[in-house]
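S.K.: Position chain B relative to chain A; hints supplied.
Chain order of the listed sequences is A and B.
Under my numbering, the first residue of the first sequence is numbered 1, with each subsequent residue one higher.
Under my numbering, the first residue of the second sequence is numbered 1, with each subsequent residue one higher.
Hints are computed from structural coordinates only; laboratory data are not their basis.
No residue lacks a Cβ here, since even glycine has one placed at the ideal position from N, Cα and C.
Among these hints, one or two may not hold up.
FRET-style restraints, in silico, Cβ to Cβ [what the hints assert, rightly or not]:
1. B/Asn206 / A/Ile98: 48 to 58 angstroms
2. B/Gln221 / A/Met15: 49 to 59 angstroms
3. A/Phe22 / B/Val127: 18 to 28 angstroms
4. A/His39 / B/Lys208: 26 to 36 angstroms
5. A/Thr145 / B/Glu97: 52 to 62 angstroms
6. B/Arg243 / A/Met15: 38 to 48 angstroms
7. A/Arg26 / B/Gly107: 52 to 62 angstroms
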Amino acid sequence: MYKDIEHLVRLAAVMLIVLAAFVILRTAIVPKSFGQYGHFRGAAIAEIAAKPIVHAGHHACETCHTDIVDKKRTGKHVVVACEACHGALANHADDPSIQPAKLDTAVLCARCHEANSAKPKWFPQVATADHSGGLACDTCHQPHTPKIEAEKTAAAGGKP
Amino acid sequence: MDTTRRRLIMLLPAAAVAWKYVLAGTPEEAPNYEMTEHWWAMLIDVTKCIGCGSCVRACAQENDVPEGYFRTWIERYHVSDWKIERPDVESPDGGKEGFPANEVGDGKYFFIPKMCNHCADSPCTQVCPVGATFVTPDGVVLVDKTYCVGCRYCIQACPYGCRFLNPKTNTADKCTLCYHRITKGLTTACCEVCPTGARQLADLKNPKDPIHEFLKTHTVQVLKPQMATGAKVFYNGMDGSVR
Chain A
1 MYKDIEHLVR
11 LAAVMLIVLA
21 AFVILRTAIV
31 PKSFGQYGHF
41 RGAAIAEIAA
51 KPIVHAGHHA
61 CETCHTDIVD
71 KKRTGKHVVV
81 ACEACHGALA
91 NHADDPSIQP
101 AKLDTAVLCA
111 RCHEANSAKP
121 KWFPQVATAD
131 HSGGLACDTC
141 HQPHTPKIEA
151 EKTAAAGGKP
Chain B
1 MDTTRRRLIM
11 LLPAAAVAWK
21 YVLAGTPEEA
31 PNYEMTEHWW
41 AMLIDVTKCI
51 GCGSCVRACA
61 QENDVPEGYF
71 RTWIERYHVS
81 DWKIERPDVE
91 SPDGGKEGFP
101 ANEVGDGKYF
111 FIPKMCNHCA
121 DSPCTQVCPV
131 GATFVTPDGV
141 VLVDKTYCVG
151 CRYCIQACPY
161 GCRFLNPKTN
171 TADKCTLCYH
181 RITKGLTTAC
191 CEVCPTGARQ
201 LADLKNPKDP
211 IHEFLKTHTV
221 QVLKPQMATG
231 AKVFYNGMDG
241 SVR
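So here's chain A without its partners, still in its complex pose (with noise of 0.2 angstroms):
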């Protein structure tokens, strides 16, 4: 009745060699954390936390720079995060001898500032050709406490 079994045994271990190949490339391939949260390699959650910092945060800009906030805190602009004009800053949070770079009140004010029909109608906006004449807008603002004073209206020539 076993005479013939020779070729099944054969077929046999051809089949458990190729399962143990099977078995040992997949260990080897997939990796550890592969099925810790879910259908994905779960170590990949702590490489993508792990970049860097480039906005250090308004927080990080007030431990030193508490002149600006107290200055900041009487005027409208109290609402607006240090790097939204002066840009991403963490390196100078970082090491403060790294200067940042000097900012352009024509470009910066105008972003927000200049009169399109999209924006909302309480949001304060002026067309800047009309408004300043071509003065730079520090003429008369001050960035940080952006309501004008009076003595610099004077000095700009009187035009509000």
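M.R.: Frame of chain A; chain B shown alone:
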């Protein structure tokens, strides 16, 4: 006899300290962020968006987004008086440098900031053939770029057009909800720089988060609710014409 007792008493504090360590087991590493304690979302108040593009610029800087690609962008809608179902939408350079003054026609104009909706039942993660994109236990949709094969299925599957193929890595790329920031107690780069507070990061699992009060007192909606993606970017004051 005396010396042995003294020695034994002297050994007691050391033994107590050692026993404390045995009871405590191995100390855990940095247990300050627990994924299961958060469920992240975003609130976008359309009535506050001025289309300045600060969010787009900050996102590009924070996340090294290649030129011409966007993880977040702003659209300017024009819904004319008679063509309500076909609004005109424009987004020059993703609104990165703000919007130029436009010819004012009839109807209404408004800005809509867009980004990944971090869907709870996200279509993009469901189609990924290799498990390279996933929803984290704290509700953020991420891409494992070492696992992504760049097949672009997810880019097609996203109903919001939030994904792109990064030309540097040739892998799918998208908003991470600044996962590297929110896990360290900071807000996202776009929320950080938004000058009017139109964008607010929200943790739905935190009972003290101001979003709960906002959701109680306002009528919010998500983009394409009919697709049942479980979108978690909530829009306040959004017009029904927004697609």
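S.K.: For this structure, which hints from the list above don't hold up?
M.R.: 1, 5, 6
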